[in-house]
Amino acid sequence: MQQPSKMNEEELVEYFRTQMRTDPDMASAVAAIRTLLEFLRRDKGETILGLRESLKWATDCLTEVDSSVAVSSGGELFLRFISLTSLEHQDLSRCKKVMEERGELFLEKISLSRTKVAKLCHTFIKDGAKILTHSSSRVVLRVLEKAAAEKKRFTVYVTESQPDTAGKQMADALRRINVPVTVVLDAAVGYVLEKVDLVIVGAEGVVESGGIINKIGTYQMAVCSKAHNKPFYVVAESFKFVRLYPLNQQDVPDRFKYKADTLRTVSDLSDEHPMIDYTPPSLITLLFTDLGVLTPSAVSDELIKLYL
Amino acid sequence: MNPIQHHFIGQCTCLSLSPASTVLPASAPVPVPVSGAPSHSSPAPSPADKPAKSRAEQKAERRARQEADRASKQQSCSSSSKTKAPPSELNPVVKRLPEHVQVDDPAVVKRLAKKLERQQIPLRSDYGYKVSLFSHLHQYSRKAPLTQQLSIPSTVIHPSIVRLGLQYSQGIVVGSNARSVALLHAFKQVIRDYTTPPNEELARDLVNKLKPYISFLNQCRPLSASMGNAIKYIKKEISNIPSHFKEEEAKTKLQTCIDRYINENVVLAAKAISKYAIEKINLTSVILSDRTWKKFRVIVVDSRPRLEGREALRRLVQRGISCTYVLISALSYILPEVSKVFLGAHALLANGYVMSRVGTSQIALVARTFNVPVLVCCETYKFCERVQTDSFVSNELDDPDDLMVTRKGKTQLENWHDVSSLGLLNLVYDVTPPDFVDLVITDLGMIPCTSVPVVLRVKNLEQ
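Chain order of the listed sequences is A and B.
All letters in the first sequence, in the order written, are residues 1 to 308 by UniProt numbering.
All letters in the second sequence, in the order written, are residues 1 to 463 by UniProt numbering.
To be clear, the hints were calculated from the coordinates, so they are not data collected in a lab.
Check the hints yourself; a few may be wrong.
Said to hold, decoys possible - Stretches of chain A that chain B covers, calculated by requiring three or more beta carbons in the stretch to come under 8 Å of a beta carbon on chain B: (1) 134–142; (2) 240–252; (3) 289–303.
What the hints assert, rightly or not - Cβ-Cβ distance ranges computed for the label pairs, FRET-style: (4) A:S282 - B:Q362: 16 to 26 Å; (5) B:K271 - A:K56: 21 to 31 Å; (6) B:T195 - A:K97: 52 to 62 Å; (7) A:E108 - B:R260: 39 to 49 Å; (8) B:K459 - A:D268: 38 to 48 Å; (9) A:L92 - B:S322: 51 to 61 Å; (10) A:R80 - B:E249: 32 to 42 Å; (11) B:V326 - A:D268: 50 to 60 Å; (12) B:I278 - A:K259: 46 to 56 Å.
Claimed, not checked - Computed list of lysine to aspartate or glutamate pairs in DMTMM-like fashion (alpha-carbon distance at most 25 Å, straight line): (13) B:K115 - B:E248; (14) A:K96 - A:E9; (15) B:K275 - A:E53; (16) A:K56 - B:D105.
Using N, Cα and C, we set each Cβ at its ideal position, and we do this for glycine too.
With these hints in hand, go ahead and build the complete structure from the sequences.
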């Protein structure tokens with residue numbers, strides 16, 4: 001039987017897109033890692049170094065399709081996880097086999113991460129709570145589903161989240177599980193915060209300082225919660241931890257701020273609206289991850305363990 | 001010695017604090033808690049200060065009487081202070097904590113005097129009136145170096161160590177990195193000249209030979225955190241020499257160890273730090289058309305009495321970077337123009353506090369109120385296990401005479417000794433809390449200030 005040939009760029013992108021289409025609930029990072037695993041299986045490289053180079057190249061291709069932080073962080077973590085083994089075997093194919101096995105193990109671990117996060121977080125939602133969330137996050141949805149399954153009664157306020165009005169999708173999903181939900185304007189966050197008990201948001205990336213990168217409007221919400229003394233919780237899987245350290249909004253690299261096609265087509269980015277913003281760790285109360293419930297200063301500890 | 005070379009590119013205005021700047025490892029040593037202190041009630045003043053000391057002598061005598069009263073009271077209450085020392089020396093398993101500097105505690109002072117007598121090292125006496133908040137620290141005068149009290153030739157202390165001690169006490173070698181590197185070079189010389197006495201093992205004897213040297217250097221100027229870590233490393237390396245090694249083999253091994261330590265922790269670390277630091281400097285709108293980097297400016301903040309910022313200024317200007325030079329009193333005036341603040345550190349403490357040249361915490365505080373990010377650059381070998389929350393408990397008092405200024409031939413404070421209510425305070429370090437620091441750049445990467453214990457843990461695991 002003929003072995004499937006090495007994946008080139010188009011096949012890579014096509015595979016990635018198929019993964020996203022078949023399971024819309026899957027995080028883009030998970031789809032990227034699935035793609036990278038398939039790429040690894042089909043790779044015809046002769047050396048370990050060559051293999052790492054081609055995996056890096058594949059990750060770069062995928063970041064050009066989907067410029068979210070999670071894709072690049074997921075790719076890097078995947079690479080580190082599989083090469084963390086002692087690759088002492090002389091035989092290249094044996095090494096590859098080990099790497100593939102570890103890759104599958106990694107994939108399995110992260111597929112369960114959302115459930116772990118939901119299990120940790122739902123206990124913080126008390127009966128009768130009013131929750132504020134921002135835009136559409138699948139992890140937050142999972143947490144709220146779990147809390148609803150535990151027979152807790154709560155109401156949710158979702159911001160509309162312009163420019164793509166992703167908040168409406170979140171509201172539809174919540175209505176389907178019979179949770180009372182209200183969609184509010186982005187500008188109404190300060191207005192609604194006095195009624196709210198806690199704020200839960202997802203994250204596209206968690207940075208080294210313990211801050212998060214998320215849909216634009218999150219920073220505003222965090223500042224207002226701090227002013228109202230409401231707890232600001234973040235739910236994120238561990239593959240979203242990324243080795244960035246922004247000091248302020250300006251410090252976030254442009255390749256994350258705008259969508260991939262915007263970066264490709266537009267030359268002068270000063271007219272474009274950024275899609276994400278950075279929330280510093282001083283505004284975040286707790287982070288719920290599959291590694292546990294962390295304070296922002298513990299994120300760096302975990303990152304050092306993951307990356308060093 | 002080796003400045004951290006930064007090649008700034010980009011459009012931001014960086015504020016660089018002079019003494020602890022990223023360009024120079026100029027921060028001075030941290031006084032690692034030292035057992036005891038010289039008796040500051042010494043009846044014999046240092047030889048160079050005899051004529052001007054009458055007032056000080058009287059004060060010293062008065063204080064000696066007070067100390068004697070206090071001591072007798074203490075002794076009548078409990079005699080536990082004396083018994084504390086022996087058990088810890090007897091029991092090798094118990095880790096002996098270094099005693100804090102306590103110049104105003106006579107028991108501690110006595111213990112130190114005894115220890116120095118055993119090692120045949122002269123005791124250095126304090127100078128001048130000490131502000132009461134800091135009376136537990138030493139205050140030495142540069143006019144009375146310890147070397148004047150040594151006999152020539154000194155049989156106990158190696159000449160390169162004597163020279164090093166003089167360089168420290170006279171301020172010829174300053175800065176955390178410079179002092180550690182000089183120390184290691186001096187130790188290399190010591191090892192080169194060392195011969196194992198008969199019936200002795202190199203590993204144990206050499207460590208014992210180093211102890212009086214370290215006490216001597218400590219008397220010349222309190223040890224810094226980086227020096228402390230370097231000494232710990234050397235002692236460990238020496239005691240790990242296998243017994244079957246011949247003397248020459250052992251000596252060469254130690255020399256290579258020291259060279260490697262210097263290379264990894266000072267030279268390469270500086271390169272790594274500059275690599276990370278460059279990322280933090282905004283690279284947009286770099287104008288290379290006429291080989292000038294237009295939108296880039298460095299403001300160097302300097303402070304008296306050391307004025308170490310001038311050296312940083314000189315080096316930056318030599319590279320063609322447009323600079324502004326201000327004194328620290330003008331800080332709030334220029335901060336609105338600043339996009340980032342770069343500071344150096346003398347040591348990073350285990351609770352995330354940054355110990356650096358006095359004035360650093362002031363800059364961090366004002367920068368925080370203006371919402372300007374504060375970045376600290378520090379090599380990992382300067383991380384220490386100590387915990388400190390204020391600048392009083394453990395600090396260093398420099399020569400108070402440095403504060404005197406001579407203008408147009410007149411020195412206002414010339415007779416400050418005669419004014420009984422006047423004290424001159426020349427603090428060397430201060431401590432900055434981690435809430436004011438946004439980022440620490442180390443050779444291991446960029447970490448938040450609160451992750452210092454994590455790095456310490458990782459480093460201990462490696463060893």
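### Task
Report the numbers of all earlier hints that the structure fails to satisfy, in ascending order.
Hints 1, 11, 12, 13 and 16 are the ones this structure does not satisfy, whereas the remaining hints hold.
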